[in-house]
Amino acid sequence: AQSVAQPEDQVNVAEGNPLTVKCTYSVSGNPYLFWYVQYPNRGLQFLLKYITGDNLVKGSYGFEAEFNKSQTSFHLKKPSALVSDSALYFCAVRDIGNRDDKIIFGKGTRLHILP
Amino acid sequence: NAGVTQTPKFQVLKTGQSMTLQCAQDMNHNSMYWYRQDPGMGLRLIYYSASEGTTDKGEVPNGYNVSRLNKREFSLRLESAAPSQTSVYFCASSERGGGTLTYEQYFGPGTRLTVT
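Residue numbers (this note's numbering), protein chains in the order written: chain R, 17 to 131; chain V, 2 to 117.
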């Protein structure tokens, strides 16, 4: 069965500094990977996804993520953090080996950008 | 184009009561999902539906039932609510994946349910 781990419950970064939110995954086949963001009292919003191709994926709001198959990781990054990036971030995975379309989420990482 | 809508936004139930959470999407998506979000647990998949007339269990299906009424609507029913079902419930939809296809999900605003 597929699973996702987000090892950090919270990440604090000063505004203007680069940020990284970590994600590792486990699947039996090849993964499809996603990042979502959740602002307070809102549903989740899609940021980016990795399907195939370049290991560096660019998404919304200046975010990017790097797929690393050997380390089974898909870390979310941004070169320069904004206070408005403060939110809850979720990594999700689908195992391409599954015939179904089941997508499993991690526990989330709360990102605080300090002014 | 409203996207994914959920009703109600808030609900308080007593233990043993039943209720149905409604979800509808207007994006002509085939796949629909129900998740629950709990502090420290992230999102956990309750049920999903790859197409009208089909439903499958997710990670935490016990205590819930679902109905895919038509392509637009996917409801979640709690037959006998328990305090452990206090949570925020999210519905999502996407284009139908499977095989080498996969698509991002669109989420509703959530239903905050408290069971006392």
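I should point out that these hints are in silico values taken from the structure, not numbers from a laboratory. On a predicted model such as this, the values are computed, not experimentally measured, just so you know. By construction, the Cβ of each residue, glycine as well, lies at the ideal position given by its N, Cα and C atoms. One or more hints might be untrue.
[Claimed, not checked] Covered stretches of chain V, going by a simulated chain R footprint (3 or more residues, C-beta under 8 Å): (1) 41 to 51; (2) 64 to 76; (3) 105 to 115.
Evaluation of the provided hints:
| no. | hint | result |
| --- | --- | --- |
| 1 | 41 to 51 | holds (count 8) |
| 2 | 64 to 76 | violated (count 0) |
| 3 | 105 to 115 | holds (count 7) |
Hint 2 alone, counting from the list given before, is not met by this structure.
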